[in-house]
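Undergrad: Chain Y is fixed; fit chain V onto it per the hints.
One line per chain: the protein sequences are Y and V, in this order.
This note's numbering puts the first residue of the first sequence at 1, with every later residue one more than the last.
This note's numbering puts the first residue of the second sequence at 1, with every later residue one more than the last.
Simulated from the structure, these hints should not be mistaken for lab results.
Where hints are given, some of them may not hold.
Restricting the straight-line Cα-Cα distance to at most 25 Å, the calculated cross-link-like pairs of lysine to any residue (SDA-like) are [unchecked claim]: (1) V/436 / Y/169; (2) V/407 / Y/169; (3) V/407 / Y/144; (4) V/436 / Y/107; (5) V/407 / Y/171; (6) V/436 / Y/79; (7) V/436 / Y/210; (8) V/436 / Y/144; (9) V/407 / Y/204; (10) V/407 / Y/105; (11) V/436 / Y/30; (12) V/436 / Y/202; (13) V/407 / Y/23; (14) V/436 / Y/205; (15) V/407 / Y/107; (16) V/407 / Y/27; (17) V/436 / Y/170; (18) V/407 / Y/28; (19) V/436 / Y/207; (20) V/436 / Y/25; (21) V/436 / Y/27; (22) V/436 / Y/105; (23) V/436 / Y/22.
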Amino acid sequence: MRFGVVTFPGSNCDADCRWVLREVMGFETESVWHEETDLAGLDAVVLPGGFSYGDYLRAGAIAATSPVMLAVRAFAARGGLVLGVCNGFQILLETGLLPGAMLPNLGARFRCEWVRVRVERTDTPFTSRYRPGEVLRMPIAHREGRYYADPATLERLEAAGCVVFRYEGENPNGSLHGIAGIRDETGNVLGLMPHPERCAEGILGGEDGRRLFESMADWIRTKRREAVWQRS
Amino acid sequence: MAEVVTGPKLRLFPEEVAEIRRRLGREPNPVEWRVFEAMWSEHCSYKHSRPYLRVLPGEGPGVLRGPGGNAGVVEIAPGVAVAMKIESHNHPSAVDPFHGAATGVGGILRDVLSMGARPTALLDSLRFGEGPRSRRLLEGVVAGIAHYGNAVGVPVVGGEVHIEPCYTQHPLVNVCCVGILRSRDVRGAAAGGPGNVVLYAGARTGRDGIGGAAFASEELDAESALRDRSAVQIGDPLAGKLLIEATLEAYRTGAVVAVQDMGAAGLACAAAEMSARGGVGMRIDLAQIPRREAGMRPEEVLLSESQERMLLVVERGREEEVAGIYRRWGLLAQPIGVVTEEKVLRVYDGDRLVVELPPELMTGAPERRVPERPYAPPPLHLETLPEPEDPAEVLLRLLRAPGVHSKRWIYTQYDHLVQINTVVGPGSDAAVLRIKEASPLGIALSVDGPGRIASLDPWCGGAWAVCEAALNVACSGARPVAVTDGLNLASPEQPEVAWSLRRVLEGIADACRALGLPVIGGNVSLYNESTDRIYPTPIVAVLGVLRDVARAVPSGFRHPGDRVVLVGALGASLAGSTYLKEVHGLVAGAPPAPDLGLHARLVGLLVRAAEEGLVRSAHDLSDGGLGVALAEACILGEIGAGCDLSLQRTRVDELLFGEGPSRVVVTVPGDRYETFCALCREHRVPVQPLGRVGGDTLRIRLPRGGLEIGVSDLREAWEG
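Extracted from the complex, chain Y is given alone in its bound form (with noise of 0.2 Å):
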């Protein structure tokens, strides 16, 4: 099993991926430079928070162009898991391989705090080590993370049950719906502005991101026993 982190210039959150799923969950990860075209060889890619490119123009706009962005997204046609975590939701946003926008935060200041967030589905590869409706204790921070997509897109996200973390309680940003994270319609591209990696060490308050990347790796097992049988 293999994990890529993409490193645009200005991520800085990549580091903190590549340390949680390398010497917290063990999983063989590699760097993948934004110049990057082949991704081949990889189970998942993470797109990393920061600030890619300074955020200038919008948060993510820039990055959305990057040479690595057309293998990511080749790489989430053939199935591959995508996982975009604050700017790299962003991303994902700009790049179109999740619907929708984000706008500053309502307040406009930067939030940087544990929030609460529900899992709204448990039956995806990102989710299905946590319990429906479960609510989780996570860090945000940013000032972009106010989720806006126009009401047709809105009410086709809740009506595919792409909606995959709601804000508990305070909606910290203005968030549409209370919208923390989304998946595509095909289900293996997930974007959230909660931070999984600042929370999968005790150490550090708590523990509840952990599992989304153990359901990840349960996914990718599962995937592969799959492949073996169809072959043989």
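TA: Chain V only, in chain Y's frame:
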């Protein structure tokens, strides 16, 4: 202070002008005069403060790099070291709070980076005046720190803010940066190896920040905001982030001999300091410098303080390898000169020689001795002040006071979690970080600066700053190991200010010696005055080490039934207290001098008690005294407590709101109480039992009556 030389006014003293002519043996050309003006400014040369700074203890076990470099470095465990430095950006922040503060963060990050460390944490210490204008400045500064710190991915894990009228014209913005490195990777900034290549890396050079060093060494006036706007630099945090990553990667080649940020006085200062440290010279061609705009004059290129630029000395023949790393990260990298054996800095603009000066002369501004005049604090006549009729109301009022009130609105704007090391973040006595590479090792950090106390008694203020920051760190269970200090004062040409500078430093030095703490680096910011004069404001950051970060002790109460105990100095004073200022509008009295021996024993006690798991919480008594400390411990722990002070004989305001160093409220599980008391006896630290944790109110019995306030009401006052 300035004297006319030739052409535009130079900011140099007449005797300095004469000294330059004498030591050089010729008349400097106009470009060289501008270079001297910047290099011999207080900001670059420390000419007023250097004589006094000698009292600070810079040596100690584990110190790998002491004062004089870009940052201090101390080894905290075999093979693991911490680089740290505090720096002010007061003048730029007064003129342009957002960019002034943002570039302050950028500069200090690169100072720590240049020691070979990855910048790991930031702390900010801010001072502002009262009123809407000051509030806007504060919000601008916070936004600027957030803008830069968040984007470069270095967490702001702690800090402090104080509001006093004396900072209205002169806000203080001090930022401390801490970095982690392997001891064997520590670097210096001494150029060496004649023939080696001088490499320019980072962003282009523009006209921003020209004269910034000299500007920072002057008093501000009403027109400063307009006139000095060009002396403030603009930062680009993306370039700052790329520069960190590229430079750390460049170090791994082994080809980098020395590195320095081009900060104050720009290329001129970096080239001169690196050459002087290495006992060499350099030949530099300004025509090679990547520029943002055309038509820049040589002195502008030399003295530009454009941000995100570093000067490297690279082994000859390997410059392309190193430059390639910077280019891969999207940065410029350009060889601009060579190291020479002859100790002369020769700067060419193409074929034309524009500067030819010995680096030692450039960095060798003579010390200035100025007259001193001691002063005494205004007396405090306690007997004329009525005791409060309703102590509960006073306590709530103090919780709302700006120095005490929760700083949550500030620190939630800072990413304090990035790099995933933050075990205890802002809002506690000290920040605690784990060190991934050396688990279960941790560090604790705290920054403190009692300006009001220093205004009454500068020695006391200096000693308190060290004692408080060290005590905060010890409350978390960490052993204090090193100090970096930022001194912020008015003009040293005023005899009272010169005296207070001496006394503040003596206070810092005495406390550091008593606690066995080396001062591994620091910063001096003078001329913080115009019509108003700021308090002498020593800001001290203390680094502590936790052998096992999982044993870090929180500030808030935790467990019902635990004993609440006051340890350390049992008495306190209203002199210089928050209570006196907020309730009676007075800043007066002689603050109590710390008992440094007791303080050292108290620090030792707290570290032992934490390691042996005897205390469940520890919170240092600071602004607002015992009353506020108990309230904060209830709020942080979301649990009440009952305390009995009815047998005390002092005035109720002194009892509840008196302040003084060396005082801590700890909670101890009932079955460990006797063991804890025995440990206190062993350390010869006084103990006073106060009561027990429990309930959802804070209840205090007083000699007459008492108070009871719901924890939710305390929180409402403190955070609302």
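Undergrad: Of the numbered hints stated earlier in the document, which are not met by this structure?
TA: 1, 4, 6, 8, 13, 16, 17, 18, 22
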